[in-house]
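Just so you know, the protein sequences line up as chains A and B, in that order. If you count the first sequence from 1, position 80 lands on 80 in our numbering, and the numbers rise without skipping. If you count the second sequence from 1, position 293 lands on 384 in our numbering, and the numbers rise without skipping.
For the record, the hints were derived by calculation from the structure and aren't laboratory data. There may be inaccurate statements among the hints.
[What the hints assert, rightly or not] Quick list of the computed label-pair ranges, beta carbon to beta carbon:
1. A/45 to B/444: 53 to 59 Å
2. A/70 to B/183: 57 to 63 Å
3. A/20 to B/156: 44 to 50 Å
All values reported here derive from a predicted model rather than from experimental measurement. Even glycine gets a Cβ: it sits at the ideal position worked out from N, Cα and C.
Each chain, letter by letter, is given below.
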Amino acid sequence: MSVTIRIPTTLRTLTGGESQVQVDGATVGDALSALDSAHPGFRDRLFDDDGSLRRFVNVFLADDDVRYLDGVDTAVPDGETISIIPAVAGG
Amino acid sequence: MANFRELLNAAKSEIREVDPAEAERMVASGAVLLDVREADEFEQGAVPGSVFLPRGHLESQVEGKVADKSVPVVAMCAGGVRSAFAARTLQELGYSDVVSMVGGFNRWKDEGREWRVPEVLTPEQRNRYQRHLLLPEVGEEGQQKLLGAKVLLLGAGGLGSPAALYLAAAGVGTIGIVDMDVVDESNLQRQILHNLDRIGERKVDSAKKTLTALNPDVNVLTFDVRLDASNITDIISQFDIVVDGADNFPVRYMLNDASVKLGIPVVHGSIFRFEGQVTVFDPRNGPTYRDMLPEPPPPELAPSCSEAGVLGVLPGIVGSIQAIETIKLILGFGSSLVGRYLTFDSQDMEFREFKLRKDPENQITWENRDRIQVVPLEDHCMPAPLAAPA
């Protein structure tokens, strides 16, 4: 499955400035692992030591929060977009 | 050539008339009460909730005021004559269910039905807010709501500046500002409430000067304090809505806990470098900050704007969206950002929208409001445990 992952400004240092990355993956977890393989550093930012998504990172499949789907096991339809939305607090 | 009596009889023969008791029942089940008297009559007494449109403007403006022509309309004047002619005109315009109220407002009032002296705008206000008054979604009644509204801005900084300016310009009658900083030259790149003459001044005082100079209708209340667990409840309980333009996570979480306990909507905005996020947390009707973000990132993963920079115009966009959402909440039109997480990327110039949901694990909810404890939060911002049920 080809998936587009949208990278927020805060994490674009890991992608050499790219705002989106194409990867293959059948699930959200697979796609994010593929992202980390292509651009090392994402795993630490996105996952806890036990492999679950960190609670301060929101990952959306299309416009749905994957926490309310099947988390990292959520199946990704071909061509769908995953968005990583970091917590920011500036005002 | 017909005389007045014949004209009136002709009009009445084409319409249906109801007495005030029947009119009141119709209005209670959703009919529009259309008051076609003149402004000087309306100002001396009117029925709450009625739509005011003098008969001279009926044909030209009614479609803006009552857009749905299938909604039942009760036309009312002072005695039942003008409303009969108005009802016929409305039928000619395609309104399908129109009646005229016999006896008019005078009989309504004599029979002891509810009425009041409406608050009216001064001639200066009518001029100032003319562009609002032209919008059916605002109008005179809406403008009065804005003038009666109380909005608290958390922060007179990047987000608070545009939000405060637009809310003051819109005529929000009471604007509170919490900020304990002084104006610094490095603020002026984005904090447009302040200027060179204000450097070194308390931000709340500078903000008050700017807003009062813009619109003397606005009563600006200043809170030159650090918001903490001991004062937040007292401060925010004086307001209808809070606009969150804070610059750190602990204050945002504390605001969440206090606003959920009190049931006060929070219009959230946050910015970082080139990106912004906006949503509305209405604790009684939707997800809140802790649903969106169960815990904050560790400080090393969340540098502040003072460390990482921010494009100066960015808070102008995000804070202005917060002002729009605030006005929509006050007036009740449109679809609010409740449950909708709007993100803005100024580099790619893209807005995106995501769904927010209530987190079943979050205990800081409206239902638990009596047991929420607003306490100082540690770095991890976890809420205090719920108090034991009373």
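Tested hints:
1. As the Cβ distance of residue 45 of chain A to residue 444 of chain B is approximately 24 Å, the hint placing it in 53 to 59 Å is violated.
2. For residue 70 of chain A and residue 183 of chain B, the Cβ-Cβ distance of about 60 Å falls inside the hinted range of 57 to 63 Å, so the restraint holds.
3. Here the CB-CB span from residue 20 of chain A to residue 156 of chain B is close to 47 Å, well matched to the stated 44 to 50 Å.
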